[in-house]
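Q: Turn these sequences into a full structure, and let the hints steer you where they fit.
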Amino acid sequence: MADVAGADIAPLSAEELQNGATDIVLATVVERTMTETTDGDWLDRRFSFTIEVEDVLKGSHVRGDRIEGVTGWNRSWTGSAPPPPSGSGHQPLPLQGEVAKFHLETTEDGSMQIMLPNGVELSSRADPTDPVRIGDVVIISTEDDDEEEAPEANAVDPFGWDVMLVLLAIPIMIGAFKQPGAARWILLGVSCLMLGGAAAIIILA
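Under the numbering used here, read the sequence shown as residues 1 to 205, first letter to last.
Calculated directly from the structure, the hints in this document are not laboratory data. No residue lacks a Cβ here, since even glycine has one placed at the ideal position from N, Cα and C. Be a bit skeptical, because a hint or two may be false.
Unchecked claim - Below, computed lysine-lysine pairings styled on DSBU-like, alpha-carbon distance capped at 35 Å:
1) 101 x 58
2) 101 x 178
3) 58 x 178
Stated by the list, open to error - Restraint ranges, calculated between C-beta atoms of paired labels, are given here:
4) 15 x 189: 30 to 38 Å
5) 128 x 86: 42 to 50 Å
6) 13 x 81: 32 to 40 Å
7) 13 x 59: 16 to 24 Å
8) 181 x 46: 48 to 56 Å
9) 185 x 13: 30 to 38 Å
10) 52 x 200: 44 to 52 Å
11) 137 x 181: 56 to 64 Å
12) 204 x 39: 49 to 57 Å
13) 82 x 30: 36 to 44 Å
A: Structure below.
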């Protein structure tokens, strides 16, 4: 595996991600593609994601929207000498099939890109150190000690129903306090039911 670049960009705080993003969505990765290029001893990987929106935390998208061409990248140093100062791009990146929180920003050409360097928040159940995330191929040894290259695996949804219910209930509860009269109590009731359901799932799991 190649060495990551030195002098990485410092991770953004939660407040910086919230304020800097034009769109923040909880979304499923429907498709993920990668292209590799080299620049001297640098190995550059460009990723393109198609994501389906599950919940909207900021921006004009709505649930069910499919956003295509969401971009991300990383680079690794393959030389024998120490790498020159350079950021290593986005860390971590989601796998196909995963649900993740995306902090996105609009580029000059109108496309969407993931905020650098930590604009993707994975589920707590996901392994952010999985080398497949940065585009490395996993080597699997057979019983005959033959080595085979495994393609990028599709990951199952790392978010359980308990997490989904909590993530959906919180914005409903916040919105309830902005509503007058009966609407407030209806929304509070719905959010409480969702939180109760999440608690029941955790207890019965």
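Q: Each of the hints needs a verdict: does it hold here or not?
A: Each hint, compared with the structure:
For the given pair, residue 101 sits about 11 Å from residue 58 by alpha-carbon distance, which is consistent with the 35 Å threshold. Pair hint residue 101 plus residue 178 holds up; C-alpha atoms about 25 Å apart against a cutoff of 35 Å. Distance restraint check for residue 58 and residue 178: the Cα-Cα separation of roughly 17 Å lies within the 35 Å cut-off, and the hinted pair is therefore satisfied. Between residue 15 and residue 189, the C-beta spacing of about 32 Å keeps the proposed range 30 to 38 Å intact.
Hint check: residue 128 to residue 86, Cβ distance near 21 Å, so the stated range 42 to 50 Å is violated. Taking 32 to 40 Å as the suggested C-beta distance range, the pair residue 13 and residue 81 conforms, at roughly 34 Å. At roughly 20 Å, the beta-carbon separation of residue 13 and residue 59 lies within the given 16 to 24 Å, and the hint holds. A hinted range of 48 to 56 Å holds for the C-beta pair residue 181 and residue 46, which are about 52 Å apart.
Between residue 185 and residue 13, the C-beta spacing of about 36 Å keeps the proposed range 30 to 38 Å intact. For the pair residue 52 and residue 200, the supplied restraint of 44 to 52 Å is violated, since their beta-carbon distance comes to about 27 Å. Checked against the hint of 56 to 64 Å, the pair residue 137 and residue 181 passes, with Cβ atoms roughly 59 Å apart. For residue 204 and residue 39, the hinted distance range of 49 to 57 Å is satisfied, since their beta carbons lie about 53 Å from each other.
Evaluation of the 36 to 44 Å hint for residue 82 and residue 30 yields a pass: the beta carbon distance comes to about 39 Å.
In summary, the structure is inconsistent with hints 5, 10 from the numbered list given earlier, while agreeing with the others.
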